[in-house]
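Number of protein chains: 2
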Amino acid sequence: MIVPDFDPPFQDNFRALLRWRRDIRHFRTDPISESVMTQLFADAAMAPSVGLSEPWRFVRVDDPARRAAVREIFLRENTQALAEQGERVAQYAKLKLEGIDRAPVQIAVFADPDPDQGHGLGRRTMPETLAYSAVMAIHTLWLSARAHGIGLGWVSILDPVEVRQVMDVPEEWNFVGYLCLGYPVKDDPVPELEREGWEHRRPMAEKILRR
Amino acid sequence: MIVPDFDPPFQDNFRALLRWRRDIRHFRTDPISESVMTQLFADAAMAPSVGLSEPWRFVRVDDPARRAAVREIFLRENTQALAEQGERVAQYAKLKLEGIDRAPVQIAVFADPDPDQGHGLGRRTMPETLAYSAVMAIHTLWLSARAHGIGLGWVSILDPVEVRQVMDVPEEWNFVGYLCLGYPVKDDPVPELEREGWEHRRPMAEKILRR
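As given, the protein sequences belong to chains A and B, one line each in that order.
Sequence positions in the first sequence follow the working numbering and run 1 to 211.
Sequence positions in the second sequence follow the working numbering and run 1 to 211.
Certain hints may be false.
Each pair may be met inside one copy or between any two copies, as identical chains are not told apart.
Quick list of in silico lysine to any residue cross-link-like pairs, SDA-like style, CA-CA up to 20 Å [what the hints assert, rightly or not]:
#, residue 1, residue 2
1, K96, G120
2, K94, D63
3, K186, R60
4, K186, R71
5, K96, D188
6, K186, D7
7, K96, D5
8, K186, D5
9, K186, E72
10, K94, Q117
11, K94, R164
12, K186, A90
13, K186, L97
14, K94, G120
15, K94, A81
16, K94, R195
17, K186, V3
18, K94, V185
19, K94, D7
20, K94, L209
21, K94, D12
Hints are computed from structural coordinates only; laboratory data are not their basis.
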C-alpha cells in the first residue's frame, strides 16, 4: 500500500478547488449523469462521522410535487425574511437565494439522531456531532461536485419540520439542508453575496484568538 | 480570469485525499511550522458560510494549563462513557480517542451565534447553520492539513460549557469541537475505529432514499 504524496502542485489545485467552490443559484437545466452522481455520493461517503456512525441520510427528490412544496416553503419563509429586513430590504429583494425551479438534481439531507451504527461513541456529551457529520458529508459532496464542474446550492431558508413532512421520512430525523445541484450558468471565484454587495470576506486573522 | 479545469487526474487525487484523511490520535511531537499553519487557516477561510457570515472562531490553545484542563474534562467524560458501555466495555477501554497529551497544535473551535457579519441572511429558520458553517471550516482545515501530510483529530468527548470556560471566550459562543493537529505516527486509508473492530463503513446506497 503506497501512501500518496500530496505535493505542492496538488496543494495548489486543491486550493483552487476551494476558491472556485460557490453556492450556486443559477443553474443550466441539462441533467447530471447517474454515473457522475454515483461518483459524487461515493466521495461523500468518505466524509468523517462521529464514531463512524455515518448518520447522513440523502433523500433524492425527483417528484415535481415535492419539489414544488419545498419551493412554496422557501417562498413563504423568504417573504417573511424580506419583511424583517429594515433598511436593507431593497438590497435583500434583489438577491436570488435558491434554484429549486431549475436545478436538475435536488437532495434533502437529514441526520439520524440515534443511529445504531457507531454504538454511540463520541456523541454522549455532544449529540449535535451527528448533524455535524451530515454537514461534512454535504461539504464533501459540494467539493466533489465542483471538481466535476457541477454547482451546488444549499437552501436553508426553510421550515425544517415542514420539509421533513414533505419528504415523508421518519419523524425523528433531523433536517440538515436542501441541496440543488446542476451545471452552473457561470463560474466565479467571488461569492455571489459579495458580488451583489451584501457582504464581504474578512481576513482570517480576525477569527483567530490565542490562549 | 481563467476558470480552472479540474480534470480526471485531479478528481482521482482529490478522491485519494478523501480516502487518506483520518481522525488521528497518535501524533509525533515535532512542531508544525507557522507558515504551514497560515496556509491551513487561509484554506479554512475559503469554507462556505451562511450569509457569508464567517461565524467560525478558532482559539489556538498554547497554554499548557488550559490543555491539561481540557484533557481532564476528556478523561472524566470518557470514564463516564466507559461506565455506560455494557457488553462493549472491554473493547471501548482499548480505544485511544484523543491525542491532547502530545499534539503540537491544538485549537478549540466556536461559532458566534449572532454575528453582525452576514446581516442574518439564511439563518432565520435554521440558526444551527452558523455552527454548520464552523463545521465546514473545520472540515476544510482537516482536508488541507492532510494535503500537507498533517493529521487532525476531532475530540468531542467533552463538556461544551466547561471547555468554553477554560478558554475564557464570550459566554454566548457555541463550542463546536476541539482539534488536535500534528504529524501522524502512521498513515492509513482505513479508519482507526474500523481497524480496531469497533465499527465499519456501510455502502452509501443504504443511506440514499428516493422520493
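Results of checking the hints against the structure:
{"no.": "1", "hint": "K96 with G120", "in the structure": "between (40 Å within a copy, 16 Å between copies)"}
{"no.": "2", "hint": "K94 with D63", "in the structure": "neither (29 Å within a copy, 48 Å between copies)"}
{"no.": "3", "hint": "K186 with R60", "in the structure": "neither (24 Å within a copy, 38 Å between copies)"}
{"no.": "4", "hint": "K186 with R71", "in the structure": "neither (23 Å within a copy, 48 Å between copies)"}
{"no.": "5", "hint": "K96 with D188", "in the structure": "within (16 Å within a copy, 43 Å between copies)"}
{"no.": "6", "hint": "K186 with D7", "in the structure": "between (30 Å within a copy, 18 Å between copies)"}
{"no.": "7", "hint": "K96 with D5", "in the structure": "neither (41 Å within a copy, 27 Å between copies)"}
{"no.": "8", "hint": "K186 with D5", "in the structure": "between (33 Å within a copy, 14 Å between copies)"}
{"no.": "9", "hint": "K186 with E72", "in the structure": "neither (26 Å within a copy, 51 Å between copies)"}
{"no.": "10", "hint": "K94 with Q117", "in the structure": "between (45 Å within a copy, 19 Å between copies)"}
{"no.": "11", "hint": "K94 with R164", "in the structure": "neither (29 Å within a copy, 39 Å between copies)"}
{"no.": "12", "hint": "K186 with A90", "in the structure": "neither (25 Å within a copy, 55 Å between copies)"}
{"no.": "13", "hint": "K186 with L97", "in the structure": "within (16 Å within a copy, 44 Å between copies)"}
{"no.": "14", "hint": "K94 with G120", "in the structure": "between (45 Å within a copy, 16 Å between copies)"}
{"no.": "15", "hint": "K94 with A81", "in the structure": "within (13 Å within a copy, 51 Å between copies)"}
{"no.": "16", "hint": "K94 with R195", "in the structure": "within (12 Å within a copy, 52 Å between copies)"}
{"no.": "17", "hint": "K186 with V3", "in the structure": "between (36 Å within a copy, 10 Å between copies)"}
{"no.": "18", "hint": "K94 with V185", "in the structure": "within (18 Å within a copy, 52 Å between copies)"}
{"no.": "19", "hint": "K94 with D7", "in the structure": "neither (43 Å within a copy, 35 Å between copies)"}
{"no.": "20", "hint": "K94 with L209", "in the structure": "neither (36 Å within a copy, 35 Å between copies)"}
{"no.": "21", "hint": "K94 with D12", "in the structure": "neither (35 Å within a copy, 39 Å between copies)"}
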